[in-house]
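Undergrad: In case you want the letters, here they are:
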Amino acid sequence: MENLNSYLIVSAILFSIGTIGVLTRKNAIVIFMCIELMLNAVNLTFVALSRHLGNLDGQIFVFFVMTVAAAEAAVGLALMIAFYNNKESIDVEDINIMKW
Amino acid sequence: MDMITIPAVNMTPILPEIFLSVLAMALLLINVFIPSGQKSYLGYISFVGVVAAGVLVGAGWGAPVESFSGSVVQDNFATFFKIIFLLSAGLAILISDQYMEREGCNHGELYPLILFTVVGMMLMAAGTDLMTIFLGLEVMSVALYVLAGFNRANLKSNEAGLKYFLLGSFSTGFLLYGMALTYGATGTTRIAKIAAIVGQMTVPSANIMLVAGMLLMLTGFAFKVAAAPFHMWTPDVYEGAPTPMTAFMSAGPKAAGFAALLRIFLVALPTLQVEWSQLLWVLAVLTMTVGNITALRQDNIKRMLAYSSIAHAGYALVGFAAGNGTGAAGILFYMLSYTFMNIGAFAVIILIGKKGEANGTVMDFAGLGFKQPALAVAMSVFLFSLAGIPPTAGFIGKFYLFSSAVQKGYIWLAVIGVLNSAASVYYYLRVMVYMYMKEPTEDFEWTRITPPIALSLLISVAGTLIPGIVPSVILQFAEQAVKLI
Amino acid sequence: MFDNVWLIPLFPFIGFLINGLLGKKIKNETVIGGIGALAVLCSFLVSCKTILALLSLPGEERVANVKVFTWITSGSFNADIAFLIDPLSCVMIMIVTGVGFLIHVYSIGYMHGEEGFYRFFSYLNLFMFSMLLLVLGNNLLLMFVGWEGVGLCSYLLIGYYFHKKSAGDAGKKAFVMNRVGDFGFLLGTFTLYWYMGQAHNVWTIKFTDLAANSHLLPTGGIVTAITLCFFLGATGKSAQIPLYTWLPDAMEGPTPVSALIHAATMVTAGVYMIGRMNYLFIRSPETLMVVAVVGGCTALFAATIGTAQNDIKRVLAYSTVSQLGYMFLAMGTGAFAAGIFHLMTHAFFKACLFLGSGAVIHSMHHALHHVHSHDDAQDMRNMGGLRSKMPLTFLTFLLATIAIAGIPGFSGFFSKDEILWQAFSNPHHGDLNYLLWGMGALAAGLTAFYMFRLVFMTFFGECRITPKAKDHLHESPMVIVIPLIVLAALSVVGGYIGLPKVIGELFGGIPNYFEHYLEPVFKYSEEYMAQHAAHAAEHSATLEWGLMGLSVLVALVGITIAFTMYVKNTELPKRFVATFPALHRAVYNKWYIDELYDYLFVNPCKALGRFLWKGFDVVVVDGVVNGVANVVMAFSGVFRYMQSGYIYNYAWSMAFGVVVILGYYVFK
Amino acid sequence: MSNHLLSLTTFLPILGVLLLLFIPKDSKGVLRGVALAVTVVTFLVSLPILTGFQTNAEFQFLENVPWIAAGPFVMRYNVGIDGISLWLVILTTFIMPLAVLSTWTAVEEKVKEYMICLLLLETGMLGAFISLDLFLFYIFWEVMLIPMYFIIGIWGGKNKIYAAVKFFIYTMVGSLLMLVALIFLYFKGLDAGFSNFGLLQFFDLRLDPATQTWLFLAFALAFAIKVPMFPLHTWLPDAHTEAPTAGSVILAAILLKMGTYGYVRFALPLFPDAAHRFTPLIATLAVIGIIYAALVAMVQEDVKKLVAYSSVAHLGFVMLGVFAFNTQGITGGMLQMLNHGVSTGALFLIVGFIYERRHTRLITDFGGLSKQMPIFATIFMIVTLSSIGLPGTNGFVGEFLILLGSFESSLRWWAVVASSGVILSAVYMLWMFQRVMFGELDNPKNQTLSDLNAREIAIMLPLLALIFIMGVYPNPFIEKMDPAVQKLVAQTKPLGMSARQMPAMQMQGLPAGHPAIPGMAVPAVEQATPAVADPNEVK
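Chains as they are written, first to last, in our numbering: chain A, 1 to 100; chain B, 1 to 485; chain C, 1 to 668; chain D, 1 to 539.
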């Protein structure tokens, strides 16, 4: 595991891609997928670091993250459905009744 | 065959959490058997549960007890915050019933969700491991996303939930990344260990991974406490969420955010204080100013209070920036008094409001002062407290926070803080202007005050005034609470 | 032995309280007037006792301070309610209470039937009280109390007919102009107190202490500043240039008021004050010169205006201003005793003149009222030939006129001539003396002219009101006439107590009693003058006789011209007006001084006030305040619209925050 | 009992509020009666303070009990009075019954709330005057704002909201900055070994000049807004014009005194060196205020606004006197504070009387009222004269001592300019009086006006009595405050000047025969310099 940096760089790139996706995409589902991408980038970091440091804390953390991500996905999708029920769209351009 | 030895775990520190979780799950089950018109009973049960949890929490005051190999602790700091969470939850439950009935969404799931949120918050305050804190944060957040969007039929509520969810998850990403980097830099997620390792570094601020981790964590929590520039979700979510949930969100989760922040930064990263202090100085100024100035022009009172809550986060950040005992104690005291005054104000808003979130503007308060004198006096007390005018808890809290800045030598921060306070007076007074100095525009239809709301108002007024006049006791508790971290 | 002097001001004050508080209930005019007059009479009697007691003392002991109670004490500053008894204050209280009493008696008749009769008497008593405080006060502050108090009473009495706008205006003008003077008085007090204190550790405003320490003062310098300040006070109170314009307007008040306040007593307060502080003034040649020149100019200037006025009281008012100018001329030449002497004789004859004119107006008013005419009862153009209708009034009026015109043998002659001689011969002003004398002499001629013009227009010729009204003209009741007679008699004989030296020598060395009597007060100045005068005083009996003759001649010329113009050839004035229209208009309009003041002070002040209010207060100060609010509000708008409602914008904001924060720390 | 006299006086009105809460809001008569009774009782209770006060420089009637203790902070309920605050306490309790009476009939709506506000206000004001703990003082100082805000905002005129909000925020800005300074001062005190917010110990804390400057500025700003000093005065005319009579009376008579009292009690003795440094600035503003307010008052069309501006001018005098730093000046300033309370309070009452009758305050709507209302005319006249400082009335003594004091101090030329204010005050007050009271009674609406009734006369009589008593025999007032004033003078001596005794503090005497007027300027400047700014002292 000499090349920790490459893992870190990959995960950083993944994280950035996720971030940029959140910033640029207009579909709520896609945005949520980008967020998942960010979380998984973090997971990759954790695992790489865990391996590098030789302790398991990072990997346990990853389990937590994955669990939480699942819960988030459930809640998130439910919210999107509720929204879709009322507005018939999940385009974030349409999510702006409240502003100013 | 090897036996898996289960290590002896002391469950006492998380007894309240366990109790509330079990209660919440039980309520979910009970809910099935309760007819739709009578969901209030769930509320009553959960309120009793919250009070009981309060007793459990209160019993833990004293010497710290660690558990789960040091990833959770029961100390005074956690206890103080837990009381705040329970208070906010209790008050939120009290004010929910009437509102939810009116809006036709008194679903039984509401109360378990509130309780889950509390459990999450408690974990955040009690967690001494990044993992526990993260776990708590997510338990809290996921429940909150639902609560924000709880009024399914209402588009605004949907939007609030969705916005909160997307942005919240987004910020979670940063927070997690920060935690990962911190883990990478120190090799542990246990706060005490991080502190030890960082303490051994010769120049911790030269460790880019650590610094970046710290900053990313800071941004993650800054989102939760609604600090600029991570505050933009606040007005929309507060406006859209059901009013009792707005009240709850503005008090509890904000306090939880501060609890985690204080724990991580003061315990794990005191050696980096120069760095984060600087940053928080800027964030505090930005947050106060943006919050207050934007609030000046709001007509929707929920939105106005949302901006005001941003501003209050800014005041609390002043104490955080100071990073000394006075500042930390100030934050504790402030969060407690903010819970009372803000939820109290939202209770009044609920009483003024009408079905479909109608009557939600400042103008709708016109003439309240003489139609409902008691209610108006209560609202005035909350507003004066929010504006930081003695003799209210809000004033003492601000005094403490600004004092910490002065003590630290951040005079200008204190000056900017008080100028902000002065500006904020305008929009708080505006409500009072309508209440007392304008005639009601139309016939004032009055919704009955139900006992739960009356109780919540009573508690809030007492909680706002009494610490304002004799703050000693609570301040001493706060001082004790922060002594240990 | 002067233990009861405090009674002197107290009596009128009691009168004031009774009439002021209960007058409305009493209603009976005789009782009210009686109380008013009695109060003053009591004061007069106590005054007589006081002056007799004073005279029984040897010259150098004729000074006493009588303390009543401590008024203000603060640090080194102390002011008592205490009275100063010396020859100067005694002569003043005699004049004030004596003439005052006569005028009170007169008022009972004159004010008969007026609405607010009690008000009038209570004010009048209050005035007496204030005037006596002014005169008797043993320190500058107490004098100032009286000083302002008389100003207040003057204000109240001028505005007695308050429903007339002109009366209110006149009262206010008088008060404000007096206040300008008071400003000077206050500054003088401060400077004197401060200077004496810090330079010599003499922290006092008590006259006797100041006098005792006056040798500490330098000549000129700070003393000039102090005395000029005080003199500004005097010009306000005594209606001298530049603050004289209020006095003619003050004639809006009832005639007894004009006689008492605006002729005999209050307006002479400035003269008294300079006399009281002669030891200061004598130390500043510059101030003396200013006083003399202002006095001379006022004497002449007011006299010119007096020649063209048609309102009988206004003529007398300008005459008062002019005569006060004489007094200041005297003070300015260091002839303090002469100034006070003229003050006294002027009190007699001018009071007589005013009261006489009051009798005329009263009668005219009565007559015009009977025929429902709205003609002005005070306009001399409506009068004429009253000689036969009101013989006693005419006679007393004529005597007083002769006295003021400076005809030998009458009081005015002695006092005025003394002043003119001092103006000519005093050792202070060098060649300026000729000018001073010239102004005085010319003014004397003009005085004779306008006074006889008044007499001729009023009492001689044809009566110019409707014959029907004429029948209602008649002599006034005795309560009015008796004071006239007393005052006329005083105008005639009052001068003999102060015979000029040359005349006294002529009659076998009769001394100038008056000067001698006042000597203790002015002794210091006399001695100082003898040491420091710029040049020796001229003492030539021949010269004095010559100048005396000259001034009498000038007066006679004045009378002759008046006779020619207003008795013999009544067309002459009209022709004169036709020949010099501009001059007449200027003189008639009082040289447009009022307009000038309006233009220079009143209007700019109002304009400035309005500008500061509408321009500065509202626009600048509130503009800044509201501007700050508006700027904040504008920011509020900006921040508000940043809150666009789009999730990606919010996310951008967060990402931006993260990038900036990270960027700063990682790359710093 | 007697050692709790101050607390009793201060909190009696609060008891009154509790009482009022139980009275139904429709029984207006009872509400008014109770409020009046409470204020009268408070006044009576405060009288033993006056009689029991020993004439010395010590603080008396002390009460000092623990209140807050947490973290670095110890606040105590620490109250007491000296000769300076004594009179202000008495003034407050004296004015309050009159204020309650003044709107006996004018306030018909929401009487209960109104009376509650008045009583709360009284407690706030009294508390601020007696506090000897900086924190306690601040609490009362702020608490006062709330009832006054409501009084203006609820029972005010048509532009009441603007006025009320302006009043509140204006004052807030200043006082919040003062709060920061106060905290800073406290930590300085902790460094010096103090353990609480007790005011008196801070007098001995000689901070370094730079710190003093900043702290002084913060305190001075808060107080200057309250005074109000030019150019921070614009809230006052608005507040006065809109407030109901009682509000204006209290505002003028007592609330404004908070500002000047703040200087005397806090800003000056706490930061003497800085105070001396800023004397020229403050004196200049005070003098500008005197002239400026007079000029602006002259052209006002609204009687109340005119009186409000006259307040600005009067308080300019007070400030000038206080900043003379000598016995006469400060005594004069203190007296003038009382005088202003009495005279301007009375003026606002008078304005209230005619407003109640005519519902207008425009000068042009009046004229000739003297004929219709002779008693009113007399009272108005006396009060007017008191306001313009006529000798024999209270206004004179204060004004004179102020001018004398400032003339003796380094503020000589300021005093000269300020003296001209006496001319201007006569102009605007008399002009107003004349236009309102004199002239033809030509407006038909004015021809039916009734003269003052017994209640109104009863309100005015005590004030009139005070006007004369304080004018003719001010010595008892001066004597009681004198030791405290002397102490203040000693406390506020700038460093390095303390050796020189007052009044030897003045520059050394002019040489005899000093040149004329131009020469006067020289010593004035020379003398001003040490007090103005000693460059070494600052850096």
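Do not rely on the hints blindly, as some may be mistaken.
Unchecked claim - No more than 20 Å apart at the CA atoms, straight line, and that leaves these computed lysine to aspartate or glutamate pairs for EDC-like:
no.	chain 1	residue 1	chain 2	residue 2
1	C	25	D	109
2	B	156	B	66
3	C	67	C	80
4	D	110	D	208
5	C	164	D	442
6	B	354	B	299
7	C	25	C	86
8	D	371	C	115
9	B	371	D	442
10	B	438	D	302
11	B	156	A	57
12	B	355	B	299
13	C	164	C	311
14	D	28	D	108
15	B	156	A	94
16	D	188	D	204
17	C	164	D	109
18	D	158	C	622
19	A	99	B	101
20	C	523	C	80
21	C	24	C	115
22	C	606	D	302
23	B	438	D	451
24	D	110	B	299
25	C	165	D	440
26	C	165	D	365
To be verified - Chain C residues, not near chain B, derived (Cβ > 12 Å throughout):
no.	residue
27	6
28	86
29	169
30	215
31	425
32	434
33	461
34	486
35	513
36	596
37	640
38	649
Hints are computed from structural coordinates only; laboratory data are not their basis. In this text, a Cβ means the ideal position worked out from N, Cα and C, and glycines have one as well.
Undergrad: Each hint: holds or not?
TA: Hints, one by one, checked against the model:
no. : hint          : result
1   : C:25 / D:109  : violated (39 Å)
2   : B:156 / B:66  : violated (43 Å)
3   : C:67 / C:80   : holds (7 Å)
4   : D:110 / D:208 : violated (52 Å)
5   : C:164 / D:442 : holds (12 Å)
6   : B:354 / B:299 : holds (16 Å)
7   : C:25 / C:86   : violated (40 Å)
8   : D:371 / C:115 : holds (10 Å)
9   : B:371 / D:442 : violated (44 Å)
10  : B:438 / D:302 : violated (25 Å)
11  : B:156 / A:57  : violated (41 Å)
12  : B:355 / B:299 : holds (18 Å)
13  : C:164 / C:311 : holds (17 Å)
14  : D:28 / D:108  : holds (8 Å)
15  : B:156 / A:94  : holds (12 Å)
16  : D:188 / D:204 : holds (12 Å)
17  : C:164 / D:109 : violated (41 Å)
18  : D:158 / C:622 : holds (19 Å)
19  : A:99 / B:101  : violated (27 Å)
20  : C:523 / C:80  : violated (26 Å)
21  : C:24 / C:115  : holds (10 Å)
22  : C:606 / D:302 : holds (16 Å)
23  : B:438 / D:451 : violated (34 Å)
24  : D:110 / B:299 : violated (27 Å)
25  : C:165 / D:440 : holds (7 Å)
26  : C:165 / D:365 : holds (15 Å)
27  : 6             : holds (55 Å)
28  : 86            : holds (64 Å)
29  : 169           : holds (43 Å)
30  : 215           : holds (60 Å)
31  : 425           : holds (76 Å)
32  : 434           : holds (74 Å)
33  : 461           : holds (75 Å)
34  : 486           : holds (71 Å)
35  : 513           : holds (78 Å)
36  : 596           : holds (51 Å)
37  : 640           : violated (5 Å)
38  : 649           : violated (7 Å)
Figure legend: structure checked against the earlier numbered hints; hints not met, in rising order: 1, 2, 4, 7, 9, 10, 11, 17, 19, 20, 23, 24, 37 and 38.
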